[in-house]
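Colleague: Residue strings, one per chain:
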Amino acid sequence: MAGTAVPRRLTWEVATVTAVMPETPSVRTIALDAPSWPGHRAGQHLDVRLTADDGYTAERSYSIAAAADDPLAITVERLDDGEVSPYLTEDVHAGDQLEIRGPVGGYFAWETADGGPLLLVGGGSGIVPLRAILRQREHSGSDTPVKLLYSARTPADLIYRDELDVHHDGVEIIYTITREQPAGWTGYTRRVDGALLAETVWPAGKTPLAFVCGPTSFVETVAGGLVALGYEPGRVKTERFGGTGGR
Amino acid sequence: MDELDGNAAAGLLQQIFGGEMTTVAATCATCGTTAPIGESVLYAGGPGTVIRCRSCDGVLIVITQVRGTYCMDLMGIRSM
Numbered sequence: 001m002a003g004t005a006v007p008r009r010l011t012w013e014v015a016t017v018t019a020v021m022p023e024t025p026s027v028r029t030i031a032l033d034a035p036s037w038p039g040h041r042a043g044q045h046l047d048v049r050l051t052a053d054d055g056y057t058a059e060r061s062y063s064i065a066a067a068a069d070d071p072l073a074i075t076v077e078r079l080d081d082g083e084v085s086p087y088l089t090e091d092v093h094a095g096d097q098l099e100i101r102g103p104v105g106g107y108f109a110w111e112t113a114d115g116g117p118l119l120l121v122g123g124g125s126g127i128v129p130l131r132a133i134l135r136q137r138e139h140s141g142s143d144t145p146v147k148l149l150y151s152a153r154t155p156a157d158l159i160y161r162d163e164l165d166v167h168h169d170g171v172e173i174i175y176t177i178t179r180e181q182p183a184g185w186t187g188y189t190r191r192v193d194g195a196l197l198a199e200t201v202w203p204a205g206k207t208p209l210a211f212v213c214g215p216t217s218f219v220e221t222v223a224g225g226l227v228a229l230g231y232e233p234g235r236v237k238t239e240r241f242g243g244t245g246g247r
Numbered sequence: 248m249d250e251l252d253g254n255a256a257a258g259l260l261q262q263i264f265g266g267e268m269t270t271v272a273a274t275c276a277t278c279g280t281t282a283p284i285g286e287s288v289l290y291a292g293g294p295g296t297v298i299r300c301r302s303c304d305g306v307l308i309v310i311t312q313v314r315g316t317y318c319m320d321l322m323g324i325r326s327m
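Listed in order, the protein sequences are those of chains S and C. Numbering-wise, the first sequence is residues 1 to 247 according to the working numbering. Numbering-wise, the second sequence is residues 248 to 327 according to the working numbering.
Simulated from the structure, these hints should not be mistaken for lab results. Incorrect hints may appear among the rest.
What the hints assert, rightly or not - To give an idea of the interface, some chain S residues facing chain C are shown, with a C-beta separation under 8 Å as derived from the structure:
1) Y56
2) V104
3) G106
4) T112
5) E180
6) Q181
7) W185
8) Y188
9) V227
10) R240
Stated by the list, open to error - Anything over 12 Å on all C-beta distances counts as not near chain C; from chain S, calculated:
11) P22
12) A31
13) A109
14) A113
15) P129
Said to hold, decoys possible - Simulated restraints, written as ranges between beta carbons of each label pair:
16) D81(S) - T274(C): 47 to 57 Å
17) V313(C) - E83(S): 33 to 43 Å
18) D162(S) - L321(C): 39 to 49 Å
19) S326(C) - P22(S): 29 to 39 Å
20) T270(C) - D53(S): 34 to 44 Å
21) T112(S) - V313(C): 38 to 48 Å
22) L50(S) - P294(C): 30 to 40 Å
23) G266(C) - T112(S): 45 to 55 Å
Just so you know, even glycine gets a beta-carbon here, dropped at the ideal spot from N, CA and C.
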């Protein structure tokens, strides 16, 4: 188990891209083969470093999209003004090499023993670490009850839609989309706010463990809303990312 | 400038401290609030990395790099 492993020096290593899978028009999943990867927990990150011909480097931290026993992968959303994500979402192909280091972070991580019930709330590409947690639960045979509330702009922006739509006992997926009201859509069509949380999430009396990931404003709204509903602040784990953050 | 949280500095902090730091609780020297570093406010787009208290916005940690050497100011943390 990574959590009990002897601390090891964090070093950059070269990983090989084994596959690139489109998720939405602006999001791709990049599968990586990293021979000395020490293993990770669901929800952790890895850092990617790109080096230009003139030696300029740019580093970014990405949530790992994979459960502990999955092949290593990250899911990257293109940010138009980004330094790293346009390269990762447009120019990287199978067989290319990337410098990575990790895993890093332990705050926004879940292991089966952490239990639940789990409330996962994702905005836009904030779904990525939550997907790793869902897969971790499934692979470990855990029966921890889960609710996932996932907000995106349009149905086409829902990452991992096919995977999420497969039924798993004990897992309830609740979608909300914020920019369209398409015919036949049965999910919600509004932004996540206190009222929507009150309608959808576990009651605080079940002492849920919440993981909230998305753009900063989304996370603030959700975390504040959950605490207002009586959730213990120490059981509401948050992770914020920058960029436009479609949700 | 993008406002992130301390989770995004996990790699940098681990590189400097030699261990996982985002779960470590830090007490703000300005307001006395204690919170995990992963919950703090991170500004990473400037010439250095600035980590601020989520309660009072006081500066907790400043990290800069000069010719390959990291300089770290922890004056904003009372204890951790």
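Colleague: Close enough to count: is the Cβ of Y56(S) nearer than 8 Å to one in chain C?
Modeller: violated (14 Å)
Colleague: Could you check if E180(S) really has its C-beta closer than 8 Å to a C-beta on chain C?
Modeller: violated (27 Å)
Colleague: Starting from the hint 29 to 39 Å, judge whether the C-beta atoms of S326(C) and P22(S) obey it.
Modeller: Since S326(C) and P22(S) have Cβ atoms about 48 Å apart, the given range 29 to 39 Å is violated.
Colleague: Next item in the hint list is V227(S). Is there a CB on chain C closer than 8 Å to its CB?
Modeller: violated (13 Å)
Colleague: Going by Cβ atoms only, is Y188(S) closer than 8 Å to chain C?
Modeller: Violated: closest Cβ of chain C sits about 26 Å from Y188(S), beyond 8 Å.
Colleague: Against chain C, run the beta carbon of T112(S) and see if the smallest gap drops under 8 Å.
Modeller: With Cβ-Cβ at 18 Å, over 8 Å, it is violated.
Colleague: Over 12 Å from every CB of chain C: does A113(S) meet that, or does the non-interface label fail?
Modeller: At about 16 Å from chain C, A113(S) clears the 12 Å cut-off, so the statement holds.
Colleague: Mind verifying the non-interface call on P22(S)? Its CB should be farther than 12 Å from each CB in chain C.
Modeller: holds (25 Å)
Colleague: With chain C as the partner, please determine if W185(S) meets the hint condition of a C-beta pair closer than 8 Å.
Modeller: violated (31 Å)
Colleague: So, as I understand it, the hint says Q181(S) touches chain C; can you test that by seeing if any CB pair is closer than 8 Å?
Modeller: With Cβ-Cβ at 31 Å, over 8 Å, it is violated.
Colleague: Given the range 38 to 48 Å, decide if the beta-carbon distance of T112(S) to V313(C) lies inside it.
Modeller: holds (44 Å)
Colleague: Return holds or violated for the Cβ distance of D162(S) and L321(C) against the range 39 to 49 Å.
Modeller: Since D162(S) and L321(C) have Cβ atoms about 47 Å apart, the given range 39 to 49 Å holds.
Violation of the numbered hints given earlier is confined to hints 1, 4, 5, 6, 7, 8, 9, 13, 15, 16, 17, 19, 22 and 23; the remaining hints are satisfied by the structure.
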